[in-house]
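Number of protein chains: 2
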Amino acid sequence: MGTKYTLGIDYGTLSARALLVDVNTGEEIATALYEYPHGVMDTYLPDHSTKLMPDFALQHPQDYIDALEYTITELLKKTGINNEDIIGVCSDFTECSMLPVDARGIPLCFQEKYKTNPHSYVKLWKHHAAQEEANKLNQIAEKRGEAFLKRYGGKISSEWMFPKIWQILEEDPALYHDTTKFMELADWATMQLTGVESKNSCTAGYKAIWHKREGFPSKAFFKELHPELENVIEEKFNPVVYPIGSIAGQVTKEASRLTGLKEGTIVAVGIGDAHAAVPAVGITEPGKMLMIMGTSTCHMMLGDKEAIVPGMCGVVEDGIIPGYYGYEAGQSCVGDHFQWFKDHCVPEAYEKEANERGINIFTLLSEKAEKLSPGESGLLALDWWNGNRSVLVDVDLTGLIIGMTLLTKPEEIYRALIEATAFGTKMIVETFQEYGVPVNELYAAGGIAEKNQLMMQIYSDVTNMDIKIAASPQAPALGAAIYAAVAAGKEKGGYDDIYTAAKTMGKVKDASYSPNKESVSVYESLYEEYKKLHDYFGRGENTVMKKLKKIKENVYYVNER
Amino acid sequence: MGTKYTLGIDYGTLSARALLVDVNTGEEIATALYEYPHGVMDTYLPDHSTKLMPDFALQHPQDYIDALEYTITELLKKTGINNEDIIGVCSDFTECSMLPVDARGIPLCFQEKYKTNPHSYVKLWKHHAAQEEANKLNQIAEKRGEAFLKRYGGKISSEWMFPKIWQILEEDPALYHDTTKFMELADWATMQLTGVESKNSCTAGYKAIWHKREGFPSKAFFKELHPELENVIEEKFNPVVYPIGSIAGQVTKEASRLTGLKEGTIVAVGIGDAHAAVPAVGITEPGKMLMIMGTSTCHMMLGDKEAIVPGMCGVVEDGIIPGYYGYEAGQSCVGDHFQWFKDHCVPEAYEKEANERGINIFTLLSEKAEKLSPGESGLLALDWWNGNRSVLVDVDLTGLIIGMTLLTKPEEIYRALIEATAFGTKMIVETFQEYGVPVNELYAAGGIAEKNQLMMQIYSDVTNMDIKIAASPQAPALGAAIYAAVAAGKEKGGYDDIYTAAKTMGKVKDASYSPNKESVSVYESLYEEYKKLHDYFGRGENTVMKKLKKIKENVYYVNER
Numbered sequence: 001m002g003t004k005y006t007l008g009i010d011y012g013t014l015s016a017r018a019l020l021v022d023v024n025t026g027e028e029i030a031t032a033l034y035e036y037p038h039g040v041m042d043t044y045l046p047d048h049s050t051k052l053m054p055d056f057a058l059q060h061p062q063d064y065i066d067a068l069e070y071t072i073t074e075l076l077k078k079t080g081i082n083n084e085d086i087i088g089v090c091s092d093f094t095e096c097s098m099l100p101v102d103a104r105g106i107p108l109c110f111q112e113k114y115k116t117n118p119h120s121y122v123k124l125w126k127h128h129a130a131q132e133e134a135n136k137l138n139q140i141a142e143k144r145g146e147a148f149l150k151r152y153g154g155k156i157s158s159e160w161m162f163p164k165i166w167q168i169l170e171e172d173p174a175l176y177h178d179t180t181k182f183m184e185l186a187d188w189a190t191m192q193l194t195g196v197e198s199k200n201s202c203t204a205g206y207k208a209i210w211h212k213r214e215g216f217p218s219k220a221f222f223k224e225l226h227p228e229l230e231n232v233i234e235e236k237f238n239p240v241v242y243p244i245g246s247i248a249g250q251v252t253k254e255a256s257r258l259t260g261l262k263e264g265t266i267v268a269v270g271i272g273d274a275h276a277a278v279p280a281v282g283i284t285e286p287g288k289m290l291m292i293m294g295t296s297t298c299h300m301m302l303g304d305k306e307a308i309v310p311g312m313c314g315v316v317e318d319g320i321i322p323g324y325y326g327y328e329a330g331q332s333c334v335g336d337h338f339q340w341f342k343d344h345c346v347p348e349a350y351e352k353e354a355n356e357r358g359i360n361i362f363t364l365l366s367e368k369a370e371k372l373s374p375g376e377s378g379l380l381a382l383d384w385w386n387g388n389r390s391v392l393v394d395v396d397l398t399g400l401i402i403g404m405t406l407l408t409k410p411e412e413i414y415r416a417l418i419e420a421t422a423f424g425t426k427m428i429v430e431t432f433q434e435y436g437v438p439v440n441e442l443y444a445a446g447g448i449a450e451k452n453q454l455m456m457q458i459y460s461d462v463t464n465m466d467i468k469i470a471a472s473p474q475a476p477a478l479g480a481a482i483y484a485a486v487a488a489g490k491e492k493g494g495y496d497d498i499y500t501a502a503k504t505m506g507k508v509k510d511a512s513y514s515p516n517k518e519s520v521s522v523y524e525s526l527y528e529e530y531k532k533l534h535d536y537f538g539r540g541e542n543t544v545m546k547k548l549k550k551i552k553e554n555v556y557y558v559n560e561r
Numbered sequence: 001m002g003t004k005y006t007l008g009i010d011y012g013t014l015s016a017r018a019l020l021v022d023v024n025t026g027e028e029i030a031t032a033l034y035e036y037p038h039g040v041m042d043t044y045l046p047d048h049s050t051k052l053m054p055d056f057a058l059q060h061p062q063d064y065i066d067a068l069e070y071t072i073t074e075l076l077k078k079t080g081i082n083n084e085d086i087i088g089v090c091s092d093f094t095e096c097s098m099l100p101v102d103a104r105g106i107p108l109c110f111q112e113k114y115k116t117n118p119h120s121y122v123k124l125w126k127h128h129a130a131q132e133e134a135n136k137l138n139q140i141a142e143k144r145g146e147a148f149l150k151r152y153g154g155k156i157s158s159e160w161m162f163p164k165i166w167q168i169l170e171e172d173p174a175l176y177h178d179t180t181k182f183m184e185l186a187d188w189a190t191m192q193l194t195g196v197e198s199k200n201s202c203t204a205g206y207k208a209i210w211h212k213r214e215g216f217p218s219k220a221f222f223k224e225l226h227p228e229l230e231n232v233i234e235e236k237f238n239p240v241v242y243p244i245g246s247i248a249g250q251v252t253k254e255a256s257r258l259t260g261l262k263e264g265t266i267v268a269v270g271i272g273d274a275h276a277a278v279p280a281v282g283i284t285e286p287g288k289m290l291m292i293m294g295t296s297t298c299h300m301m302l303g304d305k306e307a308i309v310p311g312m313c314g315v316v317e318d319g320i321i322p323g324y325y326g327y328e329a330g331q332s333c334v335g336d337h338f339q340w341f342k343d344h345c346v347p348e349a350y351e352k353e354a355n356e357r358g359i360n361i362f363t364l365l366s367e368k369a370e371k372l373s374p375g376e377s378g379l380l381a382l383d384w385w386n387g388n389r390s391v392l393v394d395v396d397l398t399g400l401i402i403g404m405t406l407l408t409k410p411e412e413i414y415r416a417l418i419e420a421t422a423f424g425t426k427m428i429v430e431t432f433q434e435y436g437v438p439v440n441e442l443y444a445a446g447g448i449a450e451k452n453q454l455m456m457q458i459y460s461d462v463t464n465m466d467i468k469i470a471a472s473p474q475a476p477a478l479g480a481a482i483y484a485a486v487a488a489g490k491e492k493g494g495y496d497d498i499y500t501a502a503k504t505m506g507k508v509k510d511a512s513y514s515p516n517k518e519s520v521s522v523y524e525s526l527y528e529e530y531k532k533l534h535d536y537f538g539r540g541e542n543t544v545m546k547k548l549k550k551i552k553e554n555v556y557y558v559n560e561r
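Taken in sequence, the protein lines are chains C and P.
Numbering of the first sequence is given in this note's numbering, commencing with residue 1 and proceeding in unit increments.
Numbering of the second sequence is given in this note's numbering, commencing with residue 1 and proceeding in unit increments.
Everything labelled a hint here was simulated from the structure, so no lab data went into it.
The model shown is predicted, which means the values in this text are computed figures rather than measured ones.
One thing to keep in mind: the hints can contain errors.
What the hints assert, rightly or not - Simulated pairs of lysine-lysine, PhoX-like, Cα-Cα distance not exceeding 25 Å:
{"hint": "1", "chain 1": "C", "residue 1": "K547", "chain 2": "P", "residue 2": "K371"}
{"hint": "2", "chain 1": "C", "residue 1": "K532", "chain 2": "P", "residue 2": "K371"}
{"hint": "3", "chain 1": "P", "residue 1": "K532", "chain 2": "C", "residue 2": "K549"}
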């Protein structure tokens, strides 16, 4: 048997990429990228005249089909590889991104009558217009004492499946009725290859309140949300869930014609993009936390029992690696934090210096911040510019910085913001440990992990842990390719289980970060202070942040009159 | 009797100005300015080779003599006024600025043997190298239960007279022994005109721990500081104190030759520069607080009894207006605050916009901040970038800002810093009121009061009080001229008391600031939150600011090893 390949297709927020991987070595052979022509639609529909309400964030599903066609055709062309040697395909997608489809799985927005109806398009993960439904859902769930709430840190996000479905029912009942199924895009993208729907356990668990033994929430619960939602699972959603790594189907004749893949090629069930990164760094057992660091950070963990950890985003059996409980936590302001600082707080002299030296402003800031010792600035911050996801689950918290003097410099503030996010991570790690989910080692993936050495060293010093870095800059696509190899199975040249597949194909860089003893001890003292501020402002002793928000809202209201 | 004039001479930190004022109307006829050639010496002596220790801030007394000669000669020349029509002169000076002199009042630094000895020069008010002595002095005074401590908010500053004298004794006993008198510069400058020393009650009270009935601290106290200081008052300082507004002497033949003033012209005792501003705005009775707003803010108040107000800088009978108790409080970071923000936190785009429009960056920031409603930013700050003088008296406190989101803009932070200083003022006003010193009206003088309308409106809204603005941009010099008119007396064309003099010659602008009702109510809510943070971080419940400083100091120590 010659060299075999699998294909991971990663659908991101602005583009999709396909990655061709050597199954035996995990070597990334080639990649092809396609940017969505419609991007994110948050002001108008493609007709340029239908205006969208605030907080809408839509996408056009035609972009995904075009991406599928372009990237795979391009990969086959530029590698010259025989499509027979591609033994499996798997798609990962941003989550929860969802779409109403008809009986044949065709998006309602493709119908002439729905072209100008926003609710017929894809609601992207960051569509935030279902907040009202999310709030009501949480109230009702709490009142009913629904057990699922605590599996999601006490709150279902407005970004998830059922608030989005409910928003459609509330705002456009006719469209709701015309919908045969509401589909998660990870499943819909997979269906473009197989022709059949195979709901995956990852996004079902993390975004649609599915539990391996308890299933979806009860009819009574849905009925209390809205009488017409009573049978939403059976009528509009499809209750059958497949564990990740299993076979979703085979490439159809139509899909073969579209992409050039061989008809009959094995297709794995889809997976959420963040979760797909876990096997890509070789993690298949408990004790290892993967941080996916971008504008925000997702923390992925495996555990061998179902523990309730305060503030986690979710715990799902078979959610990340089959056979384990997958835990997810999150920090809502990481890269965004530094971007805010760059946009609003960097003085002209620094921009000038960066320009003159021909370097990026972040490079300059890092260079200056790197020269500082831990504790030297006397600054401490709470990284809540975008609220706090884990462990407090409170979007109304805001940022704090303390310790400024007349000698405080921009790079000191910049470093304090980095440290604050590291303290936030340490808080998550400690909370997991306290509640019985051990964390012994850290892994990092994503743009920041790749580029920002200062930040990664600070994270290592603050957490007093080694940090390994993903070798692949496209970890989700690689993870998908690994799952494709599992679905294909050993007989076809793949693997029979995810453990062997991930150990062989998943990769971290040779160089890792190790804590520096002196820094660790200074950061321990600083963390004590961080914790005190964290609890004082975050756990209700001083609610100034909420009061300031309330005052601000009142001002807006008065100004609007 | 034709028009009569008095002369106020204001010795500031970088220059001196003389101001000629019409006694009958208070009209400012002419002014002349002289910049000190030696400026502030904080690195080298004038020989450019004698290096100064950290925190030294010295001046050269020759600069004052040259200023006296130049400014008065210039004034007489450019106005053509007959020197017979100038009926009085008074000098105000930065405080405590002090100098060792010989038996004839000549500075030791004029002697060849002392030319290269830093301790022979003027220790300017902001000479901070006597901190160790100040700390020890405060410890001993506290241990002994010295009653004077509470008149100064519990702490004698390192800027004041006795820490500075003690530093000289510690570091150069020989020079201490060669010194006949240590003089406050307000008195020394006056002596340049009169030939005799007449210690004034203002700087004696505020800077040299003098009390009208209790006099200076006891011999036993001074002895405990250092055996040789036991008789410092009699031996090195001169215990006789004259109330402000009284006659110090007359212009001598030598001074007449130097300046062109008529020999025999009445000279009033000197006064501290900040305190001189009070009569210049017409304040001669209790209930009115004058804020002198520059890099920091001084608050001046009159009371008819001696109350102990926590955190005040001093209460001195006859200290500001004879017959009343003069109260002083202070905020250590006002203009400095905004300068820090401008230097370190204003993004390039704003600098560019200001440049393109040909306006000052502060003008641009104010313009943007002015468009915001109170409470709209959701931000709140503690204005402790330079510690807190009143009411907490704690230099180890540091700045705090809370409420940031990813949408927070620079002008919102700028406005929050302004508001923080206004809340600090309100805290001072409330503390005075709580301890029996009523404050009914605010007055403001200094560069900020003159120029920053946004800031003054915010102060009016936050304090819910009218604010009158000094009409004169040179309030201290005008105040000195008013005191000169009192010393001259009615018979010579002046006044017999400061009340009439100040009512006639002191001035505020026609336009004043009045609180806006809606803003007042929002600021009341914000102030509640400010107070809570103020007390939590300022009164020892959470000592994070001090701990961060301690960690920072340890880092410096480790790095220095």
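Quick rundown of the hints versus the structure:
1. A distance of roughly 22 Å separates the Cα atoms of K547 (chain C) and K371 (chain P); the hinted pair therefore holds under the 25 Å criterion.
2. Restraint check for K532 (chain C) and K371 (chain P): the C-alpha separation of about 36 Å exceeds 25 Å, so the hint is violated.
3. Of the pairs offered as hints, the one joining K532 (chain P) and K549 (chain C) holds, with about 16 Å between alpha carbons and a cut-off of 25 Å not exceeded.
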